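S.K.: Respectively, the protein sequence lines represent chains A and B.
Going by the numbering used here, the first sequence opens with residue 497, and the numbers climb by one from there.
Going by the numbering used here, the second sequence opens with residue 135, and the numbers climb by one from there.
For the record, the hints were derived by calculation from the structure and aren't laboratory data.
Warning: the hint list may mix true and false statements.
What the hints assert, rightly or not - Examples of chain A residues lying across from chain B (beta carbon under 10 Å, computed):
{"no.": "1", "residue": "531"}
{"no.": "2", "residue": "533"}
{"no.": "3", "residue": "586"}
{"no.": "4", "residue": "660"}
{"no.": "5", "residue": "757"}
{"no.": "6", "residue": "759"}
{"no.": "7", "residue": "761"}
{"no.": "8", "residue": "768"}
{"no.": "9", "residue": "772"}
{"no.": "10", "residue": "779"}
{"no.": "11", "residue": "781"}
Keep in mind it's a predicted model, so treat the numbers as computed, not measured.
Glycine is no exception: its CB is placed at the ideal position from the N, C-alpha and C atoms.
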Amino acid sequence: MAYIFQQSLNALQLGSIYALIALGYTMVYGILTMINFAHGDLFMAGAFFCFLIAVYLHLSFVPTLLLSMLGVAFLGVVIERFAYKPLRNAPRVSAIITALGVGLFLENFTLALSPYPKHIPQLLGNTTWTLGSLSISSLQILIIALSLVLMLILDFIVQRTKAGMAMRAISWDKTIVPLMGVSVDKIISLTFAIGTGLGGAAGVMYGLAYPIIDPYMGIMVGWKAFICAVVGGIGNIRGAMIGGFILGAVEIMVAAFLPSTYRDVVAFTLLLILLIVRPYGILGKPQPQKV
Amino acid sequence: MSNSSDTSYSALIEKWHMLTGTRLFWAVVMIAGIAFCIAVDTFDFVDLYLQLILIYVGINIILTVSLNLINGYMGEFSVGHAGFMAVGAYIASILTVHVFPPNAQNLLFPLAILAGGMAAALVGFLVAIPSFKTRGDYLAIVTLAFGMIVKSILENIDAVGGPRGLLGMEKLTTLPWVFFWTALSVWVIRNLVYSNFGRGVLSIREDEIASDLMSVNTRQVKIIAFVVSSFFAGIAGGLFAHALQFINPRMFDILKSTDILIMVYLGGIASIGGSIIGAVIYTILLEILRPLGIWRMVLMPLMLVLLMIYRPRGIMGMKEIRMFVPLRDFVTEKLWRQKKKEAGDASA
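Starting from the given sequences, assemble the full structure and let the hints guide the process.
M.R.: Here's what the structure looks like:
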C-alpha cells in the first residue's frame, strides 16, 4: 500500500513537469495551429539558465526560477519574431520544419558551448520526512505544489483576463479578431512568452529533481510532453494538464512493476491504443470536415 | 538579333528535353552509371572515403524519395521513417550474420536486403491502418510513437545485442548495389506517382473527402503508399547496416528521422528531382563542413531556417525536373496553361 502511495507521489512529480511542458505546446497550437517542436529545447534552455544563474550569480531558489523563466520567455518571443512570424502565411509544413531546425540549432549551440553534462548545485535544503515505509521529500512537494500554482495562474489568465479572452478569440477565428481592435502580434508574443516561460519553469524543476543536465535532455522529454498534449486533445489547456498526469502515472507504474527498459514501449503502445479509440484526444473535439 | 538567339537557345533546351524524355537516354544513363560504379568498385581508383560518401548519398536518396511519397505527395506528416529503416537494417543483418552460410554471402546479399525491405513493408502496412481514421498531427504522433516503439523493442531484445547493437556484418554494400537500389527506388516511385494510383495519392493530399466522393479508394491508396515507402526505407536500412558493419538502436532514433525530414523539405515536397537534390546537397554539405566540428551542426539548422523563411517550399517545392515528367503530362500541362492564358487575354 505504502509502495503504491510512494509511486503515486513520484507519478505526480513527473506528471506535473510533463504537464507544464505540454501546456506550452498546446497554447501555441491553439493560437497558431502550429506545433512548436523547439519547445522541448526551450525546456532544456530553462535548465541551463538555472545552472548559469545558480553557479555564476549565486542567487537563491526564487530569483533563479523567476530569472530562468524570464530568460526562456524572452528566447521564445525572439524565436517567434525571427523564425516563425515570416512563415505565418506559408504552408504549415514549412513552419514545422523551421521549428525542428530551431530545436536542432538550440541543442547543438548549447552542445558547442558546453560539451560536457553539467551538475546543477542544490538550491534548496532538501528534508525528507518518513511516515512508516513512506518517504516524502520537500523537493517533491515543492515541485508538485509549484506546478499546480503555475497551472492555476495560467487558467486564471486564460479564462478571466482580457488578454486571455483575446487568446481564446484568436484560436476561435483569426480573421475577425484583428477587426475588433485586438493586436494579434502582441497576443501571439504574449502566448509564446507564457508558454515557453512555463517550459522554462519545468526545466528548472527537472534540473532540481534530476541534477545532471545535458543539451540533448530536451528531445525525449519534449516529445513525451507533446504526446501528453495530444492525448489531452491538442489546443485544449486543461487537456494538456490531464495528459501530463496520465503519462507520468503510466511511466512510473510501468517502471515500478516491470523492468524499467519497457517503460517507453508500454507508454507509447498505450498512446497508440488511446489514439485509435479516441482519435482526437481526451478533451479534444473532432473537427468537422467540409468539402 | 537578341530575339533570334533567344529562340535558338530555347530551341536547344527543347531539344535537350526531348532527348532526356526518351527511353534510350535513360538506358544510356543507367548503363553508364552502373559501369562507372562497377569500375570504381573493381579498380579502386577513387578514394575510399569518397566511395563511402557516394554510398551514403545513394542511401539518403532512397530514404528521401520514399519519405516524399508520404510527406510530399500524400501530404501526411510521417516522423517515424527511421523506424522502418531500423526494421530493414536488423532483419537484413540477422540474415547475413546468423542465417546465411558465410561462404555464400555475396550471392545471398540481395536476398537479405529484399527480406529487410519486405519486413519493413509489413510493418508499414500495420502503421497504415491507424491512418484511415487519424490525420494530420495525430497521424504524426502515431508514426512518432511507432518509431520510438521500434527503438525500445530493439533495445530490449538481447538476441540482437540490445542497446549494445549488432555487429559482424561483412562489408557487402558496394557502390553498384547502392546504385541499383537507388535507381530502382526512384524509378518505382516516379512511375507510381504518375500512374493512376499516383493521382489518387495527390487527391488525398488536396482533399481526402472529395477524393473519396470521386470514388478514389483512399484506404487502398494509403496502404499502398505506406507499404511502398516503408519497403524502400527497409532497403535503405539494410544497405546502411552493411555499409557501416555495425548498428545499434540509437542510430535509428528521432534524430535520424529528423535528418530525413530535413532532406525532404530542403529538396522540396512532391518532387522526385527535389528529393535527389536535397539528399545530395545535405549529405555532401555535411561532409564539406566537417572541419568546422560541432559548429557545422549549429550552422546546418540555421541554414535550414533561413531557407524555410526565404523559400518555404524548399529548393524544388511542387516543381519537377523536366526529365522526370512523362511527355504526356508535360504536354497536357502546357496546353492547359496556354488555354488559361488565352482565356485571360480574352477576358482582358
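S.K.: Is the hint on residue 759 of chain A kept, meaning its closest Cβ partner in chain B is under 10 Å away?
M.R.: holds, 8 Å
S.K.: Just to be careful: measuring from the Cβ of residue 533 of chain A to every Cβ in chain B, is the smallest value less than 10 Å?
M.R.: holds, 9 Å
S.K.: Against chain B, with CB atoms and a cut of 10 Å, does the hint on residue 586 of chain A hold up?
M.R.: holds, 4 Å
S.K.: For the hint on residue 531 of chain A, just tell me whether its beta-carbon gets within less than 10 Å of chain B.
M.R.: holds, 6 Å
S.K.: Can the hint on residue 768 of chain A be confirmed by a CB-to-CB distance to chain B that is less than 10 Å?
M.R.: holds, 5 Å
S.K.: Please check whether residue 781 of chain A passes as an interface residue: C-beta within 10 Å of a C-beta belonging to chain B.
M.R.: Because about 13 Å separates residue 781 of chain A from the closest Cβ in chain B, which is outside the 10 Å limit, the hint is violated.
S.K.: Please verify that hint: residue 779 of chain A, Cβ, nearest Cβ of chain B, below 10 Å or not.
M.R.: Since the shortest Cβ distance to chain B is 14 Å, the answer is violated.
S.K.: Tell me if residue 757 of chain A is really an interface residue toward chain B, meaning its C-beta lies closer than 10 Å to one of theirs.
M.R.: Because about 5 Å separates residue 757 of chain A from the closest Cβ in chain B, which is inside the 10 Å limit, the hint holds.
S.K.: With 10 Å as the cut and Cβ atoms as the points, is residue 772 of chain A at the interface with chain B?
M.R.: With Cβ-Cβ at 6 Å, under 10 Å, it holds.
S.K.: Are residue 761 of chain A and chain B close enough, Cβ to Cβ, to be under 10 Å, as the hint says?
M.R.: With a closest approach of 4 Å, the residue 761 of chain A hint holds.
S.K.: Is the hint on residue 660 of chain A kept, meaning its closest Cβ partner in chain B is under 10 Å away?
M.R.: violated, 24 Å
Hints 4, 10, 11, counting from the list given before, are not met by this structure.
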